[in-house]
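Q: So you can see what is in the structure, the chains are spelled out below.
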Amino acid sequence: MSRITGFKSDARGKLGVAVGTLACIACILCAKGADTNAPDTKTVQSNATAVEPAKELPKKTLSGAELYSMHCNRCHPERYPTERTAAQWKTILMHMRVRANLPAEQARTILKYLQENSGR
Amino acid sequence: MLTIALALSSQGQNVSQEDFNALKETVNNLAHAVENLEKTHAVDEQTHHKDIEVIQQLRQKLGETQQTAVEAQKQAAEAQKQAGDAQKQAVEAATAAPTKPILAGPIDEATVNHNFMILGDAEFQFAKTFGQPGFPGAFLLADFAPIFLYRGGDNVLFEAGFDFILQNNAPASPGATTTVNLSFAQLDYLLNDYMTLAAGNLLLPLGTYSQRGAGWLNKFPDDPLPRDELPGAGVGAQILGAIPVGQEGKMLNYAVYGVNGPSSADGTGNASALDLGGNVGLRTDNAVANLHGNPSGGGRVGLFIPYKPHYDVEIGISGQSGPWDNAGKHLWSAGVVDASLHLGSYVEVKGEYIRSKYGSDDAGLVEPGGWWLQAGYKLAGLNLEFPGVNNIELVGRYDTAHDGLGIKSQRYSVGYIYYLSNTLLFEGDYEFREGNDPGFQGNELILQLSYGF
Chain A
1 MSRITGFKSD ARGKLGVAVG TLACIACILC AKGADTNAPD TKTVQSNATA VEPAKELPKK
61 TLSGAELYSM HCNRCHPERY PTERTAAQWK TILMHMRVRA NLPAEQARTI LKYLQENSGR
Chain B
1 MLTIALALSS QGQNVSQEDF NALKETVNNL AHAVENLEKT HAVDEQTHHK DIEVIQQLRQ
61 KLGETQQTAV EAQKQAAEAQ KQAGDAQKQA VEAATAAPTK PILAGPIDEA TVNHNFMILG
121 DAEFQFAKTF GQPGFPGAFL LADFAPIFLY RGGDNVLFEA GFDFILQNNA PASPGATTTV
181 NLSFAQLDYL LNDYMTLAAG NLLLPLGTYS QRGAGWLNKF PDDPLPRDEL PGAGVGAQIL
241 GAIPVGQEGK MLNYAVYGVN GPSSADGTGN ASALDLGGNV GLRTDNAVAN LHGNPSGGGR
301 VGLFIPYKPH YDVEIGISGQ SGPWDNAGKH LWSAGVVDAS LHLGSYVEVK GEYIRSKYGS
361 DDAGLVEPGG WWLQAGYKLA GLNLEFPGVN NIELVGRYDT AHDGLGIKSQ RYSVGYIYYL
421 SNTLLFEGDY EFREGNDPGF QGNELILQLS YGF
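From first to last, the protein sequence lines stand for chains A and B.
Every letter in the first sequence is one number past the one before it in the working numbering, and letter 28, counting from 1, is 28.
Every letter in the second sequence is one number past the one before it in the working numbering, and letter 439, counting from 1, is 439.
If you're looking for bench data, these hints aren't it; they were derived computationally from the structure.
Certain hints may be false.
Claimed, not checked - Simulated restraints on C-beta separations:
1. B:ASP85 with A:GLU83: 48 to 54 Å
2. A:GLU105 with B:ILE392: 32 to 38 Å
3. A:GLU105 with B:ALA237: 21 to 27 Å
4. A:GLU105 with B:PHE426: 51 to 57 Å
5. B:GLU385 with A:GLU83: 47 to 53 Å
6. B:GLN73 with A:GLU83: 58 to 64 Å
7. A:GLU105 with B:GLY84: 26 to 32 Å
8. B:ILE317 with A:GLU83: 30 to 36 Å
9. A:GLU105 with B:ALA199: 47 to 53 Å
10. B:ILE392 with A:GLU83: 21 to 27 Å
Backbone N, C-alpha and C define an ideal beta-carbon position, used for all residues, glycine too.
Could you put the whole structure together from the sequences, leaning on the hints where they help?
A: Structural data, given as structure tokens:
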């Protein structure tokens, strides 16, 4: 295997731009300065009105539905509560608590939400 | 008193002034006394009236209590009669019909304390390489990856993942071979709310890709290039957990582990002998051996910050270090910085920066590394009313890697995901490949159908 030292593009420059961009975006989110008028869900456009911005998280304990929307489609598309039985959700949440490293109390709250809405 | 006064006044010449004054004083005193008596009488009368009211109330309550007692007595008698009748009927029924077993009620699924299930994913691909003779397009069963989960209680979970791969035997021989790899197999025990023990063949928390990069999750049909510089799994034990920060969903998560670590394929310390994932403690000749006797240690710390639902950022830093050659002279170490960002339901950006280094007998210090960055945008965010558009996500990725020995590769990939459902995805990407790796030449088109179950 020959050793070739040339390289076509400046990877470090691109890394710097990418990391800087991510850092800027993270700072904006942390300072709560980011805002967007883009809707979170698909809405029918009316002729006259602008789309309402998404609301900030309320200053209270998060509900099962809120924690579910926060964690359960970060890595995969949303899975519906009716897809599994209550016992299966218990098994899956243990697996996801390890895989996604979720706090125990949040995992329990999400489990309760899924079991209550599984319908079986 | 007035009569006496008149009588005395008719004989006025016989009553002295002193007697009159004395009489007047007596009359006044008597008047005061009468007035006081009248006042006292009025108070006594009020008290008397109140006493009468209280007595009437007490009489009424007594009457009600008596009535309640009578009714309770009647009900008790009635209940006793009904019990007697029921007993009589039970005796008659028992003697009349044979005893039937009591049917169990439906099981409450939420209380079932053990459960077995299979999750996983499968990927089917068509791949074609351009500009490379001898590499025509072909269909492939890229992966069938079931995950077995067995929950043995409230705190115990056993999970194991397999990869079934079908590969050509050519050019050495005809036919095909089915290869089964154990991608992970671990026992998880929830010690408490903040600590979980995992032991076995673990998916290593070097970055998050190993744990969250299953075929139907990673949005591209192949892994980022620099992931080849890291072990994906290791045999050992791990303590992991997460600590919520505040009430708005922020959390700090951690993982600390010890594993056998990288080893030498031939026992030497030559760079080409580095074996990232082959040290599982048991040789094919059944000898028990961590080939170099010095396990590696590592860990990850991550911070997750949600700003709004679907708006969040996660940043993590991880690393691992330990000897890799049989002599234990050379260390292999790696560090990863990972990040992911969600801006609403439609935008995702994530990436990793990976560096590793190891000493070697022949090449000295070798420092492989690389980084990757990918982004995705779901067209549903445009609110277009064209059919099918809302099911499409456009994706792009840049990845680059070098092996520290002079081989460098980079790739620009553009692609799409069409969500046939929330678990059935039709993906495609076109990859512009560059570099001096002879096995990584020409551009490539990959189409993939992936299913998560």
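Q: For each hint, tell me whether it holds in the structure or not.
A: Hint-by-hint comparison with the structure:
A hinted range of 48 to 54 Å for the beta carbons of ASP85 (chain B) and GLU83 (chain A) is consistent with their spacing of about 52 Å. Taken as a hint, the range 32 to 38 Å holds for the pair GLU105 (chain A) and ILE392 (chain B), whose Cβ atoms sit roughly 37 Å apart. Remark: the range hint 21 to 27 Å for GLU105 (chain A) to ALA237 (chain B) is upheld by a beta-carbon distance near 25 Å. Between GLU105 (chain A) and PHE426 (chain B) the beta carbons are some 38 Å apart, a value that contradicts the proposed interval 51 to 57 Å.
The hinted window of 47 to 53 Å between GLU385 (chain B) and GLU83 (chain A) is violated, with their beta carbons roughly 29 Å apart. In this structure, GLN73 (chain B) and GLU83 (chain A) meet the distance hint of 58 to 64 Å, their C-beta atoms being roughly 60 Å apart. Between GLU105 (chain A) and GLY84 (chain B) the CB atoms are about 54 Å apart, so this pair departs from the stated range of 26 to 32 Å. Distance hint check for ILE317 (chain B) and GLU83 (chain A): the Cβ-Cβ separation is about 35 Å, which falls inside the suggested range of 30 to 36 Å.
Evaluation of the 47 to 53 Å hint for GLU105 (chain A) and ALA199 (chain B) yields a failure: the beta carbon distance comes to about 24 Å. Roughly 23 Å separates the CB atoms of ILE392 (chain B) and GLU83 (chain A), a value that falls within the hinted 21 to 27 Å.
Violated hints for the displayed structure, listed by number in ascending order: 4, 5, 7 and 9.
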